[in-house]
Each structure stands twice: as C-alpha cells, then as structure tokens.
Amino acid sequence: MFMAIRKLPLHRAGCLMGGLLLLLASGRVFAAEPRLFSFATSKGLAVKILQDNDLPFIHAQLLIYLDGSTQNYASLAITQLAVMNMFDRSLNSPPSSSLMSLLQRQGGDFLVEQNPEFVKISMNLLPDRLGSFSRLLKEIFTYQSFHLNRFNLSKEKFWPLYMKGRDWKKEIALMLAYQQLIGNFYFSRGFLLQEIINGINMAQVRSFMLKTFQPDNALLVLKGKVNPYFVLGMIEKDLPSPDAQPARPRRIPPQINAARKIFILNVNGSEMPMVYWFDVAPPAADAALLPYAIGNFSLFGFPGGRIYHSERNRFLMEGYKVDTDTIHLRDFTLFCNYLRINYGDLENFLLLVEQERKKFAARPIERKEYLDALNHYIGQAQVRTSRFSQDLQAEIDRFHGQGTKAAASRPGPELFQEVNFNRVLQAMDEQMGIRPRTGTRERGIVVLVGNADQILNSLKFLKTEALELPMD
Amino acid sequence: MIKARFFLWLLFVPLIHLGGQTLTVSSFALPNGLRVILAPSNNVQAASVCVYHMHGARLEPPDARGISYLFQYLMFDGNENLEPFDHVLFINKMGGIVSGRVDYDNAVFYDLLPAQEINQALWLESERLKSLRLNDANIDYQKNQIITRISRLLESNPAFRAQTWVNAQVFEGSAYETPLYGDLSRLRSLGNDRIRDYYQNFQNLGNVLLIISGKFDINELRSGINKFFQDIPPGRRAPNPAFSAQNPRRFHVAKNWLLPGLKKHFIVYGIKAPAKIGYNFMYFDFLRTYLTDPRLSRLDHILNTVNKLDVEIESGFTDYMEANCLTVQVSSPKRFSLEKAKYIIEKEFQALASIPISNNDLRAVRSLMEIDFLKGMVSLEERCQRIGEFYHMFGELNFFDVHLRRLRRITPYDIIESAKKYLGKENQVILNVYGD
Chain A
237 MFMAIRKLPL
247 HRAGCLMGGL
257 LLLLASGRVF
267 AAEPRLFSFA
277 TSKGLAVKIL
287 QDNDLPFIHA
297 QLLIYLDGST
307 QNYASLAITQ
317 LAVMNMFDRS
327 LNSPPSSSLM
337 SLLQRQGGDF
347 LVEQNPEFVK
357 ISMNLLPDRL
367 GSFSRLLKEI
377 FTYQSFHLNR
387 FNLSKEKFWP
397 LYMKGRDWKK
407 EIALMLAYQQ
417 LIGNFYFSRG
427 FLLQEIINGI
437 NMAQVRSFML
447 KTFQPDNALL
457 VLKGKVNPYF
467 VLGMIEKDLP
477 SPDAQPARPR
487 RIPPQINAAR
497 KIFILNVNGS
507 EMPMVYWFDV
517 APPAADAALL
527 PYAIGNFSLF
537 GFPGGRIYHS
547 ERNRFLMEGY
557 KVDTDTIHLR
567 DFTLFCNYLR
577 INYGDLENFL
587 LLVEQERKKF
597 AARPIERKEY
607 LDALNHYIGQ
617 AQVRTSRFSQ
627 DLQAEIDRFH
637 GQGTKAAASR
647 PGPELFQEVN
657 FNRVLQAMDE
667 QMGIRPRTGT
677 RERGIVVLVG
687 NADQILNSLK
697 FLKTEALELP
707 MD
Chain B
235 MIKARFFLWL
245 LFVPLIHLGG
255 QTLTVSSFAL
265 PNGLRVILAP
275 SNNVQAASVC
285 VYHMHGARLE
295 PPDARGISYL
305 FQYLMFDGNE
315 NLEPFDHVLF
325 INKMGGIVSG
335 RVDYDNAVFY
345 DLLPAQEINQ
355 ALWLESERLK
365 SLRLNDANID
375 YQKNQIITRI
385 SRLLESNPAF
395 RAQTWVNAQV
405 FEGSAYETPL
415 YGDLSRLRSL
425 GNDRIRDYYQ
435 NFQNLGNVLL
445 IISGKFDINE
455 LRSGINKFFQ
465 DIPPGRRAPN
475 PAFSAQNPRR
485 FHVAKNWLLP
495 GLKKHFIVYG
505 IKAPAKIGYN
515 FMYFDFLRTY
525 LTDPRLSRLD
535 HILNTVNKLD
545 VEIESGFTDY
555 MEANCLTVQV
565 SSPKRFSLEK
575 AKYIIEKEFQ
585 ALASIPISNN
595 DLRAVRSLME
605 IDFLKGMVSL
615 EERCQRIGEF
625 YHMFGELNFF
635 DVHLRRLRRI
645 TPYDIIESAK
655 KYLGKENQVI
665 LNVYGD
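Protein sequences, first through last, are from chains A and B. Heads up: the first sequence at position 228 corresponds to 464 in the working numbering, and the numbers run straight through without jumps. Heads up: the second sequence at position 1 corresponds to 235 in the working numbering, and the numbers run straight through without jumps.
One thing to keep in mind: the hints can contain errors.
Claimed, not checked - With a cut-off of at most 27 Å between alpha-carbon atoms, the simulated DSSO-like pairs for lysine-lysine come out as follows:
id, chain 1, residue 1, chain 2, residue 2
1, B, LYS449, B, LYS461
2, A, LYS400, B, LYS497
3, B, LYS659, A, LYS400
4, A, LYS391, B, LYS497
5, B, LYS498, A, LYS406
6, B, LYS609, A, LYS461
7, A, LYS400, B, LYS576
8, A, LYS356, B, LYS609
9, A, LYS284, A, LYS356
10, A, LYS400, B, LYS609
11, A, LYS405, B, LYS581
12, A, LYS393, A, LYS279
13, A, LYS391, B, LYS542
14, A, LYS405, B, LYS576
15, B, LYS581, A, LYS461
16, B, LYS576, A, LYS393
17, A, LYS284, B, LYS609
18, A, LYS406, B, LYS461
19, B, LYS609, A, LYS393
20, B, LYS655, A, LYS391
21, A, LYS406, B, LYS659
22, A, LYS604, A, LYS405
23, B, LYS449, A, LYS284
24, A, LYS393, B, LYS461
25, B, LYS568, B, LYS659
26, A, LYS391, B, LYS461
27, B, LYS655, A, LYS393
28, B, LYS574, A, LYS393
29, B, LYS655, B, LYS581
30, A, LYS400, B, LYS574
31, B, LYS461, A, LYS400
32, A, LYS393, B, LYS449
33, A, LYS406, A, LYS604
34, A, LYS400, B, LYS655
35, B, LYS574, B, LYS449
As the list claims (entries may be wrong) - Calculated from the model, a selection of chain B residues having no Cβ within reach of chain A, i.e. all distances over 12 Å:
id, residue
36, THR398
37, VAL487
38, LEU608
Keep in mind that the hints were calculated from the coordinates and are not lab data. Here the structure is a predicted model, which is why all the values come from computation and not from measurement. Where is the CB? At the ideal position from N, CA and C, for every residue including glycine.
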C-alpha cells in the first residue's frame, strides 16, 4: 500500500493519509461506546474488561466464589474471619500486610461485600496506579499474612468489627434467607454464635484461603480507560499459578425450598425494626427472570404497587416506602423487599402483603400494571448506564450463566418484547404461590430484625409461625 | 507539501482533544432570564435534569426561618396539573430517580431518567416552577409533619440535640447559626400567606439554573426547554448578597451536659472550617479526609489501634459556602476512655500543625480525594450540583481541570498551614455529654 501511495501525486497521498486518519479518528469517537473484552488467563482467572474511555478512573470488581450450597455456620465463620483479617481497616492499621499497603497507596477506596456465593472486592483507582494493580491481585491470591494476635482480636471483637460501616442487618437477613432456601441449616440456637467463632483456628482459615482464593475460582471485571491487552499482559506476568489441587468438583445447583418461614433476629437497640421479605426467582442470565421481576414490581413498586393502591392500603402504608434490591446469585435471584416500620404496624404490613399476593389469583395482573413494570425495568437499565459500578453487573450475570441453558437466552433490550403476559401470571404463581393448592405452603422468606420481645408482642396471628434467633 | 502537512495537522487536532479528560460545559439564557447549563455525556443512556435555586435558607428573614426547609417537602406535594407525589410516580415508572434538598446557600431538585424521556422531566420541573400547590391544607400538613419529626428527634436523640447545639455555637452570629428547620414554635405560627409570598423569591427565575447533564440531542433539548420554560414569567433578578468567607473562631467554648439514663458518654467536637468559596477549603478538606474519612481514618487509628481505647467515632461536615463545621463525635461507655481520647486528639491536632505528614499519607489522601472528585463528576446528578455550585460561587462553568490541578499540587506545608489555622484550641467548640 505504501508503494502505491509513493506513486500517487502528493495531494492525493495527503488525501489518502487524511482519510486513514479520519477513519482512526472516527474509531476513537466510536470508542466512546464502552467495548467489552473477555479473556481467560493461563492461570485460570476469567477477566472481563469494559473499555470506557470516558471514565476518568478505573473501577474493578473481583469475585471469589464460595460453595454456598454446602455452607454451615463453621464455614461461614471461617469465611468471615478470613475476609476480616485481610481487609478490615481497623484490624490492619497501620497496614500490616503488603496487601493493605498496596490498597492504601491506591487511595484506599475499596469495599468488600459478601453473600453466600461469593466475596466481592470492589475498588477504584487512578489510571496512573494501574501498574500496581496486578501486584495487588497477586497479594490477594497468595495471602497468608495472618497474625495470631490480630486473628484472636478479630474473634474477640467479631460483631463490632462486622457491623462497622455496613448494612449488616440486610446481610444477615440475606444469609438467613439463603440458609433456609438451601435447607442444610438447623435454626435452633441462634445466628453464628460466639462459641462457633471462638472454635475457629488459624489453620482452618489458611486452608480455606488455599482452597478458595485461587485465580481459577475467581472473576475479574474491570472498567475504565485502559488498554485491555496491556492489562492482560500485566496480570499474566504477576499472577501466581493455582496450587496443585484436586480438580474442583462440578457444582450441583442446590434444591430450593422457598416455603414460607418467618425469622425474628433479636437485636438490641432503640431503632425501629426492619422487615425483609425475600422471594426467589430464576438466575439473572435466564430470560425467565423478567416475568418474576414484573410480578414483584406490581406488588411492591413505589408508588404504583398494589400495596399502595386502595384507600385502605394507602392508609396502612402512610409514611412507609418499600425498597427493593435484586440480589443476583449464580443459581437463582433473590428479590429483597425491605422497609423500616413501627412495631405497632408490623403485623398489619405483613398481613397486607400476604393479602395482596393472594388477590393476584382473583384479580390477575392487569395489562397496564404489566406495561408499567416493563417500562420501569427498561428505564432502570438505561439509568444504570450512568452508574459506573452497576453496569458491570450484566457481565457478571452473563459469566454466571455460562455453560447453562440459560446463557443461550441472554436478557437484552430485545427480550423485553418477548415477555408474554401469560408467562407473568404463571411466574407470579410460582413465586408467590397465589393459587390455592392443597399440601403446599405459602412462599417467601420473611426476616424481622429488631427487639424480639417487642416484635413478638406486636404479632398476634403470625406469632406461632415466627422463629426467634438470638445474636450474640 | 505544505498543504498536505497542514491537512494532516488539522486531522490530528481532534485526536488530541478527544484524548483529554476535559468536561465540556456550555450555557445559554432564555429571554425570561432562566440560565440553562449543559454538560453532555454520550457514553450513557441516561440524563439528569436539575433545577438549582441560588437561594437558600440563609437569605430568609430572621423572623421566618424554616420557610425554605418547608419548600423541600412542598415541592413534592403537587401543583396545578399534578397530584401529590405524581412527580415521583412519573419518574419511578420510567425507572428513574427523583430527589431534592434545601440547604442554607442553595436548593437543588433533580430527576435522573432514561435519556429519551428528558422532555418528561422538563415538563415536570416546569410545572413545579409555574404552579406549585401552596394551599392552606398542604402547607399545614407539611408544617405539622416537620414539627412532629424534628420534635421527636430532639426529644429522643441526644446526639442530634448535641450536634445542633455545637453547630449553633460554631456559627454564632452568622446565618448558619439557626437550624435549617428554623424555630419550631415560630414555624407553627407563621402565616400561610407569608409562605406563599416568599415562594416568589424562591422560584424567581433570575435565581434559578436549569442544569442538564447526560445524553441528549441538543436541538430536541432546546425546543423542549423553549416549550416548557419560555412562558414562565421573567424573574426579578434580585441581587443576592455576595458570599464572603468567615474567619475562624477566636474563643474556645467547652460545655458539659448531664443526661440521666444515657448508656454511652460522648464528646462532640465542632471545628470551624473554611468557606467553600475560600482558597483554604481544599486543604482543610484534605485534613478532614485524613482524620475522619472511614477509608483512612487517622483518628480511628490513633485512638483505637495505637491507644486501644475502644471508642466509636462518627463525623460530619456541613459543606456550606461561607463557613463550615467539622463535627467529630467520640463515644464510649467508659468516661476515662473519653478523657484520654480528648488528650490524644489534642496532641494529634498539635502534631498536624507542626510536623509534615508522610509522603505515603499525602499520596493516599490525594488519590482518595481525586477518586472521589472524579466519581462525583461521573454521577450525572452530582455533576449538575457541582456545576451549579461553582457557577453560583464564582460565575464560571469550567472548573474541572483547575480543581484537579490544585488537588494534585497539595503539599505537606499547605496542610501544616491549614492545621495551624483551623485545628487550634480557640477554633473548637467541645460539648461533653455524660450519663449518670
């Protein structure tokens, strides 16, 4: 081509070069649309990079998977202690490991969240600090800097440290819901008692780290103005090879039991109690999720949901608003509907929700409600493109759906046209158990967090159903 | 040859420009005086419409304090064409978010919604400006709601009561001295006609900025703005008093409260901080981040890790334009721990005023502040608010690069100077709240 250019008259060569540059320039302009690059490193780490040249910093999320379906209180305590020892700022002040030093040097803008299926480490860093990011990953995957004194302190002050700066009530409610759904927990004595925490030793935590914190058991999602190949090269260079371990057993999706259960988590304090209402739906990568989401919105969505519809409902809900979080797990999705409420209104609210769920059988979801919910979800997906941390969720969900039947039918804007009205009715029946059946129980896990005595005093009809769990 | 080079150079110019991080902000004014500010972003599918009132509680007449705070609630209580909370319903249905707040210096109301629905937000905001429902029934209802809520808070929450007292002491003699909700008994007896009259000042178009950020088509947006806002009567451009930065305090104030039945003793520190319009604000913000931001929290480190006092630390910052207050609340069931904490905090403040902080700490705090600033500029509604504040304070629109440059140039000596000026004993108000 260059030979050809040399033979061209100068002004034509200039035009051709100009054209090429224009193409390059237009490529740069198009690059304003984030582009996705997916890799798997030779060490087994799955990497997804969303190249967004308009994001002036880098946002990264590292997910390390736990085996939620075999979880028990001891394994839960081990995970919590490991994460606390690695990332808790007050335990690691001044930075007592190179991991914490590296995080602090990046600015310390990181957050560690945990659910029964994975530990998620989110961090933000400036583009000129990208050089140390792969070292940071290496530190996470090879972490063994547990110190006995610090470890003992973390056991001794487990709950104050756990509760500091996080929505621990919601996290514990989620764990309880999960444990009830997968059904291998016995709820008799209390939630994660101190004696269980005291019984954990450092060898168990080290062994957990070796088994779990491995590149081939993790997903890295990164967004920002980065060169994906440069990032990949850096990670390849610094990442340790996974320790020789027996092949990971194939995951068997847990059997879900969504039958109604009401838990009371006894927490001392003068605050109003919290109500968490969990409903199960298919995983995020499954097209079948949307009908469930539409049902949930038609019931709880503020201010158009059915619990706010009639005069009577409006009176009962005066001053209250239910918020909804959608928690995406690998095998299913949990809708977490929650609100803070006076003790005196607690039972009325629970009965109201129950009543409105049952009414769906007599008065199925109307076309207008269905379209309202659809519009809401389409709009919400668009609004989330302006939230740098939220628009990575779609890639995480897609990764979780890989290799399953669900992955073939990836939800996207086109899917919204395909949601059948009858499918919504069917999904609502499955989710909420709205049609009367014999021998089946109502659906949904309810967790009430507050002073157990006051909660029990405020319950009349539901008192016998509720199971009280103390917390140390 | 020269022509070809020139042609190539012309093509390179846009490439260089695109590689930069500069945020482009532009503005124009409607004939009725409404100033419109645009900050486009094409990498998102959402837009934020923000109405920024350059009029806050500090401009209220002294005998009518709390009116602006009342508007914070009345703004969602319907208008000529919309019922209460219809505004929220419309935006929620589209998957968007509505919010707003009134403060001493300004008031901000915004909608974040899908980009193609931007005209809906323009309509909703114009309705709010044109015909806010201010009848006796809804004014009385909102007054009662505020009085009940604040009275309950003052009765049941000693920390809220303590912080209100500390703020009043720190801002003694200035407009920030009175709480935002004013005097509750005066608010109760305030005539509704007075409230309706005052709304004319609040919604005066001469003091309103319409700020739009996110994805939009400029032509469609302009026609939408003209359609919905041009028939609003022109505002009288009331000359707002210019901001003037207040000086640090000159006298130390300390007081003890005894509250029977209190489970945990606590101390509230109130430190008068520089005005947001002042040059020193950024340096004090550095100190605030270093000492109290939970991601770094030097105070937590020295009190709990080094000295093992086992105290709880909470902090707050006011973010006002003429002066600010950093409150730090330290609580513990042991009074001895609190007394020791006071001594250690005092020593730490003295050290900050005399010894340069380490390079590692300097870099970490600067990085964190830069990340927070950039995060704010990425969030569409926060970007609108910051642009509005900057325009309100300095009459300029493009501050992004200047702010970043200043941030990156903070030195340990700037921090020492700021600590000397603001962390001294005479600039502190201390309230000790003890139980039995």
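Which of the stated hints cannot be reconciled with the structure, identified by number in ascending sequence?
-> Going through the list in order, the structure violates hints 3, 11, 12, 14, 15, 18, 19, 20, 21, 22, 24, 26, 27, 31, 32, 33, 34, 35 and 38 and respects the others.
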